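Chains as they are written, first to last, in my numbering: chain U, 1 to 201; chain L, 1 to 254.
Distance ranges between label pairs, derived from CB positions:
(1) Ser38(U) to Ala38(L): 34 to 44 Å
(2) Gly100(U) to Arg85(L): 35 to 45 Å
(3) Val113(U) to Ser138(L): 24 to 34 Å
(4) Pro94(U) to Thr194(L): 20 to 30 Å
(5) Ala37(U) to Ala92(L): 28 to 38 Å
(6) Leu95(L) to Asn61(U): 21 to 31 Å
(7) Leu27(L) to Ala72(U): 53 to 63 Å
(8) Thr111(U) to Arg91(L): 28 to 38 Å
Sample of chain U residues lacking proximity to chain L, with all beta carbon distances greater than 12 Å (derived):
(9) Lys2
(10) Gly24
(11) Pro97
(12) Ser129
(13) Ser199
Listed next, the stretches of chain L that the computed footprint assigns to chain U, with coverage defined by at least 3 CB atoms under 8 Å from CB atoms of chain U:
(14) 66-78
(15) 123-136
(16) 190-202
These are calculated hints, taken from the structure and not from any lab test.
None of the values given here were measured: they were computed from a predicted structure.
Glycine included, every Cβ here is placed at the ideal spot set by N, Cα and C.
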Amino acid sequence: MKLAIVDYGAGNLPSVERAFVALGAETERAVSPEQLASAQAIVLPGVGHFSAFVNGLRQRNLTDALRAAFEAGVPILGICLGLQAMFASSEEAPGEPGLGFFQEKVTALPTNVKSPHIGWNQVRRVKESKLLRNIPEDAFFYFAHSYAAPASAQATVAACDHGVSFAAVIEQGRLAAVQFHPEKSGETGARVLRNFLESLA
Amino acid sequence: MTLARRIIPCLDVDAGRVVKGIEFEGLRDMGDPAELAARYNREGADELVVLDISASRQGRATFLDTIRRVAEQMSIPLTAGGGIRTMEEGRAVLLAGADKVTVNTAAVERPALLSELAQQFGSQAVVLSLDVKRKNGSWEAFVRGGKDATGLDAAEWAAEAVLRGAGEILLTSIDRDGTCLGFDCEVTAKIAATVPVPVIASGGASTFDDFLAVFTKGRADAALAASIFHTATRSIVELKKFLAKHGVPVRLSK
Chain U
1 MKLAIVDYGA GNLPSVERAF VALGAETERA VSPEQLASAQ AIVLPGVGHF
51 SAFVNGLRQR NLTDALRAAF EAGVPILGIC LGLQAMFASS EEAPGEPGLG
101 FFQEKVTALP TNVKSPHIGW NQVRRVKESK LLRNIPEDAF FYFAHSYAAP
151 ASAQATVAAC DHGVSFAAVI EQGRLAAVQF HPEKSGETGA RVLRNFLESL
201 A
Chain L
1 MTLARRIIPC LDVDAGRVVK GIEFEGLRDM GDPAELAARY NREGADELVV
51 LDISASRQGR ATFLDTIRRV AEQMSIPLTA GGGIRTMEEG RAVLLAGADK
101 VTVNTAAVER PALLSELAQQ FGSQAVVLSL DVKRKNGSWE AFVRGGKDAT
151 GLDAAEWAAE AVLRGAGEIL LTSIDRDGTC LGFDCEVTAK IAATVPVPVI
201 ASGGASTFDD FLAVFTKGRA DAALAASIFH TATRSIVELK KFLAKHGVPV
251 RLSK
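Excised from the complex, chain U in its bound form (with noise of 0.2 Å):
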């Protein structure tokens, strides 16, 4: 099976592209609506500002062509701002309508802690979950963000505290999604995409 990652003009793509073909996977750049819609698994990477990337997936046409993979079933893996992407919208950019897969919104993080939230943390399991499974649950995962969704929306499956508990890691029928950088987390988030590989099988 061929991961379609959405290449929507910036960010983090080169280092999750590497993290998946280092664990066998075979990858495309997705950048056109035709590929989403003949890809059988498709991963959202992003970082950077919400609006840049809203505006970058409207401009290559990519944002029906995710609403469509997500109604038709495919596997959605979302990474970071590609999983804030996937709730209705984001206090950094106001009007500005994000994936709406989930009806929550995105919020900042508070002022009483240092943000950006940068550096490894824990997550706290809230539901079984299929990117987490053989993952101790003392495990570090890397963070890099300012804003986030509620860890109280539905799908969320393991929540991260900073100021806050926000969703670290939601999963809803094929969607899945996760706040920090598996590519950039060590040998716990190689096995992070490994278990998202696993659960295409």
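Go by the hints and put chain L onto chain U.
Frame of chain U, contents of chain L only:
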């Protein structure tokens, strides 16, 4: 659940080789950047910083290639910089495989560079490199590799840089750099209390106690050091076990 304090080895690179400045001797070759990066990635470093300290234009030309070679070895975050002047140079560093870019001199000369980088790549990708020297009970920001005074108060400039989009501060004490006297905990605590973003302390690390002090007294979020790790006399894992024993949260698993 705790955000771990980070241990960050730094590679000073000149013309494609990792070097170390030795008093009266100039630069000593410390090895190949990609090889050292692979070792740190394996040994439990939380992140890696690669700085271009090339004196010549020729040396600089190889820096992007160095970033590419280093990035290939990494499954942890990579920060790169040194002499970044423009948005285009910053973009090139990120596209070569760095997750974050550091800027210093160019940001002092044109602070809007920070906002431009943050707007395009996000604050989490923009690190202000802040080189400071103690002066009459306060600290002054320096540029051009610590050579030129700016007249800017370090804390005030750090606060402005964060408002403009810097997502992290890499704070180097010029007074301590290369001295083995330990981090300057006083200035680290001062900057850490001033800015709402993480502070990486640098300059002067020699012993495990220096790291403990900068995380406790200095309130640093991360600590950076170069030569003490390159020589491999003491490993990152040993350092982290020491810190954990003294109550500093660190990431011990890989």
